[in-house]
Amino acid sequence: EPEVTQTPSHQVTQMGQEVILRCVPISNHLYFYWYRQILGQKVEFLVSFYNNEISEKSEIFDDQFSVERPDGSNFTLKIRSTKLEDSAMYFCASSGTTTGQPQHFGDGTRLSIL
Amino acid sequence: GESVGLHLPTLSVQEGDNSIINCAYSNSASDYFIWYKQESGKGPQFIIDIRSNMDKRQGQRVTVLLNKTVKHLSLQIAATQPGDSAVYFCAEITTSNTGKLIFGQGTTLQVKP
Numbered sequence: 654e655p656e657v658t659q660t661p662s663h664q665v666t667q668m669g670q671e672v673i674l675r676c677v678p679i680s681n682h683l684y685f686y687w688y689r690q691i692l693g694q695k696v697e698f699l700v701s702f703y704n705n706e707i708s709e710k711s712e713i714f715d716d717q718f719s720v721e722r723p724d725g726s727n728f729t730l731k732i733r734s735t736k737l738e739d740s741a742m743y744f745c746a747s748s749g750t751t752t753g754q755p756q757h758f759g760d761g762t763r764l765s766i767l
Numbered sequence: 002g003e004s005v006g007l008h009l010p011t012l013s014v015q016e017g018d019n020s021i022i023n024c025a026y027s028n029s030a031s032d033y034f035i036w037y038k039q040e041s042g043k044g045p046q047f048i049i050d051i052r053s054n055m056d057k058r059q060g061q062r063v064t065v066l067l068n069k070t071v072k073h074l075s076l077q078i079a080a081t082q083p084g085d086s087a088v089y090f091c092a093e094i095t096t097s098n099t100g101k102l103i104f105g106q107g108t109t110l111q112v113k114p
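Heads up: the sequence lines are chains H and D, in that order. Going by my numbering, 693 is the number at position 40 of the first sequence; the sequence numbering is gapless. Going by my numbering, 48 is the number at position 47 of the second sequence; the sequence numbering is gapless.
Here chain H stands alone, though its shape is the one from the complex (with noise of 0.2 Å):
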């Protein structure tokens, strides 16, 4: 069954260090999202992109934040100048052809801001 990969697992950087968070979502899916998740807490929504432009972003997602799709295969997500709070867990989510169908997540990155 197809599935939505992160990498990497596991990121540790120095607080005010830009990080790159990757994903390679489901091949023929259209619908592209990052959500992130504090240790204990809800799944919380950061962005949603879509025909190559975002679609809406949170709160959350303020001018340290970006989101990319260079090529046809891969999708990221990147802070700029990280702070300590910015520690989660990152997971990447598609979904097909439209908005009603389900969102596929992967394993997620963590991060670790020291």
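No lab work stands behind these hints, which were simulated from the structure alone. Since we're looking at a predicted model, the values are computed, not measured. Hints should not be assumed to be uniformly reliable.
The list that follows gives simulated cross-link-like pairs (lysine-lysine, DSS-like), each with its CA atoms no further than 25 Å apart [unchecked claim]:
id	chain 1	residue 1	chain 2	residue 2
1	H	Lys-710	H	Lys-695
2	D	Lys-43	D	Lys-113
3	H	Lys-710	D	Lys-57
4	H	Lys-731	D	Lys-43
5	D	Lys-72	H	Lys-695
6	H	Lys-710	D	Lys-43
7	H	Lys-695	H	Lys-736
8	H	Lys-736	H	Lys-710
9	D	Lys-69	D	Lys-57
10	H	Lys-710	H	Lys-731
11	H	Lys-695	H	Lys-731
12	H	Lys-736	D	Lys-113
13	D	Lys-113	H	Lys-731
14	D	Lys-72	D	Lys-57
Using the hints provided, position chain D relative to the given structure of chain H.
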């Protein structure tokens, strides 16, 4: 504001019993609902979904019920097994929007052998 919540943070059941996990949502515009299972160190895994034009949907050992009048969802797991132990989240979508999922807090299901 929008929110999706679960009534109980932890549910403990005996192996073989049926489990019922509840969820309340607040956005009347939500028209698509999904239950996810999350095991430790993993991403949310799709279990079952239901659209707002239905009130019940069955899968393999799982049933989702939707009551739009009181904005309530439930997930029923038949003959609960140790492998069902995980955190369960309900999530809602307004499909006319961007498809963002709004998750509830999660219920931890513990299955006792």
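Looking back at the numbered hints, which does the structure fail to meet, lowest number first? 3, 12 and 13
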